[in-house]
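Peer 1: These are the residues of each chain, in order.
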Amino acid sequence: MKPKWIAWISLIVLIALHLDFWRPQRAVLYFGWLPEDVAYRLGWMFLAWLFLLFFTRYVWKEED
Amino acid sequence: MGASLSQLLLALALYIGVVLVLGLISTRRAGSSPEEYFLAGRSLGPLVLFMALFGTNNTSFVLIGIPGLSYNLGIGVFGLNAPIVALGIPLTFWAIGVPAHKLALRHGALTPAELYAKHLGSKTVGFVLFALFTLYTVPYMVQGVKSAALILASASDGAFPPWVAALGVVLIALLYTSLGGMRATAWTNVFQGIVFMVFMAAAFFFMSRSLGGLSAAMEKVRQVDPGLLTVGTQGLFAPRAWTSWGLVIALTVIVFPHMLVRLMAAKDERAVKQVCRYYPLALGLLWIPAVFIGVWGAASFPGLESSDQIFYKMTAAHLPAVLGSLGFLAVLSAVMSTLDAQILTLGSMVLRDFLEPLKKLDRSSEVWIGRLFSALIAGVVFLLAVTWNESVFGISRKAFEGYLTLFPTLLLGVRWNRFTAAGALWSMLAGNVVLVLGWMGAFPILGFLPPFWALVAGFGAGIAGSLVSSHRRGEP
Numbered sequence: 001m002k003p004k005w006i007a008w009i010s011l012i013v014l015i016a017l018h019l020d021f022w023r024p025q026r027a028v029l030y031f032g033w034l035p036e037d038v039a040y041r042l043g044w045m046f047l048a049w050l051f052l053l054f055f056t057r058y059v060w061k062e063e064d
Numbered sequence: 001m002g003a004s005l006s007q008l009l010l011a012l013a014l015y016i017g018v019v020l021v022l023g024l025i026s027t028r029r030a031g032s033s034p035e036e037y038f039l040a041g042r043s044l045g046p047l048v049l050f051m052a053l054f055g056t057n058n059t060s061f062v063l064i065g066i067p068g069l070s071y072n073l074g075i076g077v078f079g080l081n082a083p084i085v086a087l088g089i090p091l092t093f094w095a096i097g098v099p100a101h102k103l104a105l106r107h108g109a110l111t112p113a114e115l116y117a118k119h120l121g122s123k124t125v126g127f128v129l130f131a132l133f134t135l136y137t138v139p140y141m142v143q144g145v146k147s148a149a150l151i152l153a154s155a156s157d158g159a160f161p162p163w164v165a166a167l168g169v170v171l172i173a174l175l176y177t178s179l180g181g182m183r184a185t186a187w188t189n190v191f192q193g194i195v196f197m198v199f200m201a202a203a204f205f206f207m208s209r210s211l212g213g214l215s216a217a218m219e220k221v222r223q224v225d226p227g228l229l230t231v232g233t234q235g236l237f238a239p240r241a242w243t244s245w246g247l248v249i250a251l252t253v254i255v256f257p258h259m260l261v262r263l264m265a266a267k268d269e270r271a272v273k274q275v276c277r278y279y280p281l282a283l284g285l286l287w288i289p290a291v292f293i294g295v296w297g298a299a300s301f302p303g304l305e306s307s308d309q310i311f312y313k314m315t316a317a318h319l320p321a322v323l324g325s326l327g328f329l330a331v332l333s334a335v336m337s338t339l340d341a342q343i344l345t346l347g348s349m350v351l352r353d354f355l356e357p358l359k360k361l362d363r364s365s366e367v368w369i370g371r372l373f374s375a376l377i378a379g380v381v382f383l384l385a386v387t388w389n390e391s392v393f394g395i396s397r398k399a400f401e402g403y404l405t406l407f408p409t410l411l412l413g414v415r416w417n418r419f420t421a422a423g424a425l426w427s428m429l430a431g432n433v434v435l436v437l438g439w440m441g442a443f444p445i446l447g448f449l450p451p452f453w454a455l456v457a458g459f460g461a462g463i464a465g466s467l468v469s470s471h472r473r474g475e476p
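Residue numbers (our numbering), protein chains in the order written: chain Z, 1 to 64; chain B, 1 to 476.
Source of the hints: derived by calculation from the structure; they are not laboratory data.
Wrong hints could be hidden among the right ones.
What the hints assert, rightly or not - Residues of chain Z clear of chain B, computed beta-carbon distances all greater than 12 Å: (1) M1; (2) K2; (3) W5; (4) I6; (5) I9; (6) A27.
To be verified - Here are the in silico distance ranges between beta carbons for each label pair: (7) B:G17 - Z:F31: 23 to 33 Å; (8) Z:F46 - B:A159: 38 to 48 Å; (9) Z:K2 - B:A317: 30 to 40 Å; (10) Z:K61 - B:N417: 16 to 26 Å; (11) B:V138 - Z:E62: 44 to 54 Å; (12) B:T124 - Z:I15: 29 to 39 Å.
These numbers come from a predicted model, not from an experiment.
For every residue, glycine included, the Cβ atom is placed at its ideal position computed from N, Cα and C.
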């Protein structure tokens, strides 16, 4: 599969995971201090960062 | 903030000294040409460009407004904003910033409005963009100055009345911006960005320690109001409002003229690419403390009349005196790193987008006229800051939603060859009319926020207007 397609499919998956209205909300603290929703968002941000590394490496072609 | 007045004054004097020295160092090259003064000779490398963009992007909205909002709404504020911004900003830098950088170089444009006017071959597009950029940037500047004034007045126990604090902030930013132009603001942003990032990291550590550790601090929040640890279902957290706000917050940053102009000052495309890799990491480091301070504050200081006070209350109660002074400087740095860029950009826009199309100006006098208009704009902002009564988040939100109406024009203008000046004008008109009607509650919005419909209208009118108008590109 071409990097461009991988990137666009990943982007759609990321957006779908951001619109996570199906996920139940609980006042749970991971490690005793990290709220569940913040943990989920930080995980999402890590995936988004990986996506950006992939995007800038394989999809974004410099023309300068 | 736990610091005495003499400590605050010492910290303030040191801060002013550093930014003025950086301004003075940049002075020598600033006056050599308008391109050097307004765009630092298009020479910003990855690190300075990143700090210039990050410092400009993050203002008191994050340091004062987000703790204030989290105080009321809980940890859901993090998910509502930070993740989608961390993805949206780099992608819009690629989608709009990179082609804008290239086209600005090709057309010799120094401002975003000038770039689109020349690229679409229409002075009218330039005038309208200039007017709308100004309309939405001035309130954004006002919220920054208001925040700095609020924090300085609180930290000095009223020794500096808000109007004196506001005047001081505006004058200092104006002074070093006028001295060194874009190069001065970029380098001061490096310093200011370090100040507010270090402070937020230190505040997170020391506050949690003062509250008995991270677990104890969060357990107290759960005891006081467990709802603060979950995402709500009403207001901005309702699914369609969440979706709409995600679009606003992710797409609006590239439309800030003071952000886009910094991308036009990039040395090359590689520098922009590097910035995109740093952005999500830095945003996480800044937003986690901002949200947690607000949530911890809700447990420590319930029932505040103005939630914008929580940042000050928490730093005063939980940080050592030395860090208290730094907290005040962190807010000042966040405000001034945005304000300087806005002063410079609006000054250049009045000159290049409003005056020059009407009357040809002497190239050597452009820098001085730019400085004069920067001073006029700073004066207007000061007057509004001492008379406008609305929360920091409230003012910022209006500005963000307004900026979003320009997104279709900025995107289609650089990415769609068929886009025309007529399409741009129809897009901006439709977007703004729909937004204002939405604010007035003039039509059913089906759960989506007014800017969502403004964006839809802007894209629809822009595409339709381009398809039915003649295609022409080039100098106006």
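Peer 1: Give a verdict on every hint.
Peer 2: Comparing the hints with the structure gives:
no., hint, result
1, M1, "holds, 20 Å"
2, K2, "holds, 18 Å"
3, W5, "holds, 16 Å"
4, I6, "holds, 15 Å"
5, I9, "holds, 15 Å"
6, A27, "violated, 4 Å"
7, B:G17 - Z:F31: 23 to 33 Å, "violated, 42 Å"
8, Z:F46 - B:A159: 38 to 48 Å, "holds, 45 Å"
9, Z:K2 - B:A317: 30 to 40 Å, "violated, 55 Å"
10, Z:K61 - B:N417: 16 to 26 Å, "holds, 18 Å"
11, B:V138 - Z:E62: 44 to 54 Å, "violated, 36 Å"
12, B:T124 - Z:I15: 29 to 39 Å, "holds, 36 Å"
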